[in-house]
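Chemist: Chains as they are written, first to last, in my numbering: chain X, 58 to 292; chain L, 622 to 1518.
The hints are simulated quantities; they were obtained by calculation from the structure and are not laboratory data.
You may find that some hints are simply not true.
Pairs of lysine to any residue residues, derived as SDA-like cross-links and limited to a Cα-Cα distance of at most 20 Å, are as follows [what the hints assert, rightly or not]:
hint: 1; chain 1: L; residue 1: Lys628; chain 2: X; residue 2: Ser172
hint: 2; chain 1: L; residue 1: Lys632; chain 2: X; residue 2: Tyr194
hint: 3; chain 1: L; residue 1: Lys628; chain 2: X; residue 2: Ser71
hint: 4; chain 1: X; residue 1: Lys91; chain 2: X; residue 2: Lys284
hint: 5; chain 1: X; residue 1: Lys136; chain 2: L; residue 2: Arg1049
hint: 6; chain 1: X; residue 1: Lys136; chain 2: L; residue 2: Ser690
hint: 7; chain 1: L; residue 1: Lys628; chain 2: X; residue 2: Ala169
hint: 8; chain 1: L; residue 1: Lys1355; chain 2: L; residue 2: Val1274
hint: 9; chain 1: X; residue 1: Lys144; chain 2: L; residue 2: Gly1050
hint: 10; chain 1: L; residue 1: Lys1134; chain 2: X; residue 2: Tyr141
hint: 11; chain 1: L; residue 1: Lys1507; chain 2: L; residue 2: Gly1426
hint: 12; chain 1: L; residue 1: Lys1134; chain 2: X; residue 2: Ser71
hint: 13; chain 1: L; residue 1: Lys628; chain 2: X; residue 2: Asn196
hint: 14; chain 1: L; residue 1: Lys632; chain 2: X; residue 2: His190
hint: 15; chain 1: X; residue 1: Lys136; chain 2: L; residue 2: Val1054
hint: 16; chain 1: X; residue 1: Lys193; chain 2: L; residue 2: Val770
Taking CB as the label site, the calculated pair distances span [as the list claims (entries may be wrong)]:
hint: 17; chain 1: L; residue 1: Arg1159; chain 2: X; residue 2: Glu180; range: 41 to 47 Å
hint: 18; chain 1: L; residue 1: Ile1503; chain 2: X; residue 2: Ser71; range: 28 to 34 Å
hint: 19; chain 1: X; residue 1: His256; chain 2: L; residue 2: Pro1152; range: 51 to 57 Å
Note that beta-carbon positions come from the ideal geometry of N, C-alpha and C, so glycine has one too.
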Amino acid sequence: MEERFLEISDLKKSFGSGEARQEVLRGMDFTVKKGEFCVLLGPSGSGKSTLLNIIGGIDTPDSGYVSINGDKLEDMDEKQLTIYRRKHLGYVFQMYNLIPNLNVKENIEVGAYLSDSPLDVEEVITTLGLQDHKYKYPNQLSGGQQQRVSIGRAVVKNPDILMCDEPTGALDYKTSKEILALIEDCNSKYGSTIIMVTHNEAIKYMADHVIKLRDGVVRHNDINDKKIPASELEW
Amino acid sequence: MRNPLIKRIPKELASDWHKYLVIILFMVIMIGVISGMYVGHDSMLASVAEGRVELKLEDGSFELSDKASPELIEAISTGEMADVRQYFIDEGMKEAKEEVDKAAEDALNEQVTAAIEAQVRAGCEEYGITDEDMIQAQIDAAMEEGFEVALEEARESDEYKDALAEAYDEAYDEVVKAVDEEWDDIAEEYKLNEEGFVPVTVTLYENFYRNEEEDYDNDGTSDATVRVFSSAKEVDLASFLEGEAPDADDEIAIDRMHADNTGVKVGDTITVGGKEFKVVGLLSYVDYLTLHESNTDMMFDAFGFDVAMVTPEAFDSLNARVHYNYAFMYDVKPEDKIEQADWSERFMKSLVTQTLVADNEIKDYLPEYLRQASNFAPSDIEGDSAGTSIFCYILIGVIAFIFAITISNTIDKEASVIGTLRASGYSRGELVVHYMSMPLIVTLIGAVIGNILGYTLFRNTAVFLYYNSYSLPSCELVWSETALIKTTVIPLLLMFFINLFVIVRKLRLSPLKFLRHDLTKTKRAKARRIPAWSFMNRFRLRIMFQNMPNYAILIFGVVFIQIMLCFAFGMPDSLTYYSKKAPEMVFADYQYMLMGYKDEDGNIIETAEPSAEKFSSTNLMYPKATTSMREGMGSGGDESVTVYGIIDGSQYVDIPADLEEGHVYISTAFAAKFDLKTGDTITLNEEYENKSYEFTVDGITDYDGGIAVFMDNDRFNEVFGRKSGEFSGYFSKKEITDIDEQDIAVVITTEDISKVTNQLMHSMGNFIKIFKYALIVLAAALIYLLAKIIIERNERSISMVKILGFKNGEIGALYILPTAMIVTVFSVLGFFAGYFAMLWIFKAFLLQMDGYFAFHMEPLSAVLSVVYLLLGYLFVSVIDYIRIKKIPMDEALKNVE
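Next up, chain L with everything else stripped away, as it sits in the complex (with noise of 0.2 Å):
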């Protein structure tokens, strides 16, 4: 016989069922978002996976300078090392050869002209010609008739031939010989000197590419930059999210973020590189998931970069200079990272050997696996998951805890029931196991649709996230164990372990104790004492000090949520505030980073420009105490640190003149980050070099900007081994214009600042918009549980004291007073715990990543987060009150024994 007990559960979930309709709304609402996030995350990342293989992802690519030729492709994809021995001896001796030449040319010109006039000069001293000016006629006349001849009959000369080989074995013997006394440097520079090496063999492939200026609205200024690929690249390919591919020289496909961004959409015309293109497809590129224009920006800038896809014809047609870059891909695929990152190194080898000795020069190397547009995305995708799941735990314990309490109460309500049934003889693990069975039938049910939901709609949702943050390929749905485990089995653990704990408690007491009612185990020796109040106060009180345990769990509610909406109201005032605060926080409106500080003929590059001030920079590491929890370029390990070097009485940075050797200032992001002060020591390290450096802080400078380390730019060239009155580039307040181009490396303004934040915004925004709505509810819901469990377990005495005549209203202020008073003030308390939460995770988090920003909250989001809270509250104390109407006066009648 099945026990029937069971049959008390439909008609528990039918007799309560707002009550469980708002727990089970509330774990779909969870469950489905998580599974849902899950599911896109794992989808998302099985289809990027995917991807690398459908689409050809290359390996790496480098740029050359020129058009490579067939040999040195050749030559590249064996992977073998060129012979830069023989390549600097062949350059020597061609310089050699050019210098032999001449040497012999000139000295057998001498010996011709020699010759000839001591032949003339014999001929006339035969004919008795002594008037010199005779002579010399004579000279001229048979240098003129005869020195070609002689000249061409000495050259055939053996006695010529001979020395001139000889003066080629001399010339190469020399060549050789400085070769080799410089070899240990060139085989330094060129890491030629590693034994066993093995090569590495790939296939290349051409990915040329256009940087074009792009006009999306057609307004005649450009809006963005565009980097054009042709339609018959062979290698990182794209896949197509609307439309297709271009097929007409007048057609483009561009990148779908980008589009979507900046309100791109097919049929539209846009402006590339001065001419007129129909967009006919949205597409993302393999090897730009994120639209980063290079591997060093910080951020990818989906608004004013951008990738497109024209036909080979129309590529041709573009104006702006072809980089020549090849994408590589090895042939044996390596099997992990510490294979690719020998495999590249090797293979860069290969490439700077065979470049050089082909006169080509490398522009760019990048190996896939550090490349920022193909790996943000997904780094960024998988380290998402963990901060939502720890949220999701937090609140499906709050829900077991709710139930526990429920039950607890239930368990209060039905001591006789609970006594008689265990002086029957039910056993206390049957009635363990039957008040089990709600919460996690509840849960079960949860979990059920809220996968469904997760599977279809959430997921849906969870990819348009991620769409609008990437630019990511088209993905088909995926099965996800985490997934599943995440929303289904532990948050059932978390309800079965927390409840078990609660009610296993509950039923210790005797079969005795349930029959007479007397559920504590400990006896209170005498009545709490409490102030002389009003009767209505002490009432109150009295209230409060009954339901302890209930507003316990509302207040730690309370608090978690207002934790929670102070995030959601925080982070995007911190973008808009750091996004408002950029323009302060760079040292001055434009840096320029010059490609050397001196120009192509050596001279030193100044400026007119009367507000630019010299300035040098390097950047080294500092070590992180912490841990990563995530791996990949940006994401851990060392905090990279720029150093600048500043001259003195600089009008950009303030720092003493006279810092002692060894001692610099830092900026107050640096010192907040890692919590440094003045006198504390520092120690620096070079990222590919086995080299520290120690500096002991003397002071902070007011910069937010970054991590950064101040010194004077004399003492910064000497601690850096560089030469006197060297510099990196200039600070400037207005746009230098007197600079060649071709000596800048790049500019750094305050627009570049803001586009990171502008972009997070972007990113973020939706996501955020949706979670502070999404905990109003929340906060709602919870406080309605909660509420609901209060005036429940005194509905007995409400009943009572309605009976004795109380009025609704009187009974509302006994009872839903104390509720108010309780959010209201934990509301306030919670957000200063909120504040000062978000403060410390969100310091915890920037230790995980580059850079710093702190955390800010504007005065109005603060009244709001209090505000939308109580909101919640007063929506839930409406519904409290009409509860209270509806207690029955015989409810006290019921059952007194």
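Next up, chain X with everything else stripped away, as it sits in the complex (with noise of 0.2 Å):
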């Protein structure tokens, strides 16, 4: 693996003034390898979802920097910012967010489109075991179907990152599991980075690294030598 891929370095973000000003990220370091599987795991208001949008290029830190490849965030507009995350990223929500009226295989699509190098779109599919459904519209979809189609829409850009933000929150343990071993799958069959932001602490054992944020520092920095299966992970 390529040491220093992501670089995270003194990140601080704060947001409201005066009284109501709140620190939410105080100075934030560590390192994220190319296709490491890396989990930020903390409660709620610790940060993380701040820190993934930063890193996301979707927010801005205060001070601080998120460099990428050697290349630095901030030194980037929001044009290059916008193709940074068109080139290197995807995108998974807690919320599917999809196109209502387009059906899935489009919805897949409209990930495909924004790469160069776009995974097929049917294998993908076949991939998430969706191609009973690639004509359904989402709301006639599960959650768990949802889901899976954001992930699609995300993995078939062949992304070098996907982010991942609480991407099973709303689902329940057996669909849950089934989509971390998506996710996982995506990152040794694609050979993503993957980093995903959960409070799910049963989900670190099927990480490569594991940061755990309190109060917007860090307060442990793991690497997990003896990662599980997905499919093995209980909670």
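Each of the two chains sits in its own frame; use the hints to bring them together as a complex.
Modeler: The following block contains the structure:
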């Protein structure tokens, strides 16, 4: 694995001003290697989503920087940031945010369109187990199926980094495990670096790299040598 | 790879088809009508322009009192001025020669008589006769016997001949001297002094006509004046819209529009000049596109005036006097208006001088470019379209805003998706293009279908409307670039920029804000405080606050439509009102304008009619401050003002007797049109001379019939350099029968005033009716779209209150009632806005025209204009209620974050 693929250095971020000022990130430092499955773990308000958004280039830090492959995000203007997201990132949110009047295949094509080297849409559909649903509209799918589509939309781009913000937050235990297995597959099959935000402690066991956050700082930064497959996770 | 987002467009069109159907229909109708108008308009103008060449429209015409001799025709055709000096010398010599001859004859008689008498007396003396009686008897006998011979001998004598020649020479010198002494005046009168006069050669054509009485319903009373031409003429030809030219002597072809107006059809029989004719054709003469009987008529009259064609034999068999009207065509066409005016003036010099030296008389002269009957329609058609396209753009603008609001609501609704797409790397531009495509595609569909209909159905409607107004020739479809630009390019641009503006602003937020549904740029610090009303009222008020931008567009739409409705209701009202008030608007039931105040014998023209009252009048020009949008007769430039001289204690016009010099009264119409007040100073100019008059307004007298100025008649004669006691005509309550018709120039009765409004009503009536109904549909469609936005925006809340247990009726009261209140309040306010806007627009519009009549709206129309709009809304609110009923309860539970 490539060292320092993603570098986070002294990242600070606060919201509000005066008495209402709230420091969400208070000097955060860590690095992630290319192809690593990294889990950002922490309770609500620990700053994990904010951190993810800053890494994703959709939010900006007050100080510190994020660099990918040596390119600092703070040096990029809006256009370059859009290209950065377009070329390197895939996003999966807790809510699936699918386009209601496009079917499964078309929703995945929305992601494919953005990439210079997209994966084969049909193959992704098969990988995701959606071949029987590819002409269905989002409102005809269950939550788990919708999240599969949203993962499909993200991975079809063949992104360097797959950003997942509580991807199982709205799903039941069984479906959650299926989704995690899919993300795991993407990591091993396509070699994408995964950065997943979650408050579910159990998920850390499937990751290569676990970063625990609390009150805006990194409390633990551990490499997991004994990772287990998602299918074996219990919570 | 094509952007997959594009696949949403057809799906969205299909899923919300009723909304888009309304919008597309709306666009199709708007664009179709405008395109049809332009295409009709361009086709019509093209056919008029083509007709001018093909139907050999004259470059001008003149009427002579007698038929022109071949020599005169040839002389006029050369364009050369006649030798007026020689003419006056010849004329002078004719008179002088008579005098010289008479004087010479008298002198000769005297001489011969004296010689014979002297001879007889000498003989008598020789014979010693002294008796005077006998001498006288001898003289008488000698005279009887030898006078004629002696006279003849004397005439033949060289002495006499020399004396006569000498007298002629003397007379000639005197005549020349007299002509030269007065030459400056003569030259001024006939404008002969121009140096370097270049003749304009023309070809003359006989265009004789007779003004006959037409009785189209054959009831024995005359219904109209018909100007009959012979089918053999070679100029100012006719285009046949139905039937054909007359072939037999009892056949006639009449004007198509007159026939439409009076219900005459091909195959009917009408009486013209007491003779029955079968109508075999309906035509449009190229020089009578509007039926102006006289070029000074304010409005054409397709009811009371007609033009017709009969065979030459039938023409000869008619009885009314022949008007020796000649049309002329320049051998080389003038290139522009300046040349037209210049050539016309040069030609007139030739005409005047040649006619003078040919002992004929010009009764009328009219260059074609000033001819109302051939220019009124094209100039009116040209002016027509500006207002309509502005109306169209405002509506497209409204639709664009509706789109912008709909899209803005969609963006709100799809905030998370947009946030995800932006986070995934979709650029703002790609999303802008995506959201822009729907309005542009819809506009394009509307424009394409609209243009197809414009070139077919609506073009025919437009052409029909023109045919309903004017006697136009048949026309063929032409391609109109203006239509394409105005109906496709401009709407697309409007749609593009309005939506671009709104969408770009809306999408300016960061992806994160979209993901968080945080779409307001500024956050309200505190919730708006509202009065402590009942819960439902407060709820309703919150809904209103929440939907402010939607209501703003709704209000704009309502007010806009109300302004249009004010026009649609007010226009016919104003015409009817004007028509009804016409009898009150004239000073007198009869206004006789005389040819001069003295008759042929030099006696002042008097009447025994007790109600008759003398007055004077002249026309001056009042300069308008505004620049005219249109050019041509009666359509701009200066306002023609009638100045009246009124006698003391007049029973027709109420002005004080003791007005100071330079002080006048003006009519209420004059004051209203130009915002004049007592104490203001007005400057009036002579139309053709560089001469101005300044007057102070001393008061305003109640007269809405025209732009007029009043002063004392004596003062009038003084100001305008007329003789004391001179006057122009009589006002009278009854018909005056004791003035010779020859002395009367024109009689104006109340009917002449109503004929203008009748014609306007006929021409515009159908258009206004269509417009009125179109507006109601438009109003309903607009309110439908806007109300739909409000319901859609609140779908989730409506679904939620349904879950909470609110009944459909209560929900309707919450979500429909605020809209209903706003529509009602703003319909009423919109009416006032519309009414005052129309007053202003009408005034601004009339400033471009001559004359004045105020905008008027009947109370019933005012009420109806509001009721119509509310009826449209009632229909929409029923649909809204059904829509609310249909919103499913799980809407609120879907996709909850």
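Chemist: For every hint, state whether the structure bears it out.
Modeler: Here is how each hint holds up against the structure:
| no. | hint | result |
| --- | --- | --- |
| 1 | Lys628(L) / Ser172(X) | 18 Å, holds |
| 2 | Lys632(L) / Tyr194(X) | 12 Å, holds |
| 3 | Lys628(L) / Ser71(X) | 41 Å, violated |
| 4 | Lys91(X) / Lys284(X) | 17 Å, holds |
| 5 | Lys136(X) / Arg1049(L) | 9 Å, holds |
| 6 | Lys136(X) / Ser690(L) | 90 Å, violated |
| 7 | Lys628(L) / Ala169(X) | 14 Å, holds |
| 8 | Lys1355(L) / Val1274(L) | 17 Å, holds |
| 9 | Lys144(X) / Gly1050(L) | 17 Å, holds |
| 10 | Lys1134(L) / Tyr141(X) | 19 Å, holds |
| 11 | Lys1507(L) / Gly1426(L) | 15 Å, holds |
| 12 | Lys1134(L) / Ser71(X) | 16 Å, holds |
| 13 | Lys628(L) / Asn196(X) | 17 Å, holds |
| 14 | Lys632(L) / His190(X) | 18 Å, holds |
| 15 | Lys136(X) / Val1054(L) | 16 Å, holds |
| 16 | Lys193(X) / Val770(L) | 138 Å, violated |
| 17 | Arg1159(L) / Glu180(X): 41 to 47 Å | 57 Å, violated |
| 18 | Ile1503(L) / Ser71(X): 28 to 34 Å | 51 Å, violated |
| 19 | His256(X) / Pro1152(L): 51 to 57 Å | 45 Å, violated |
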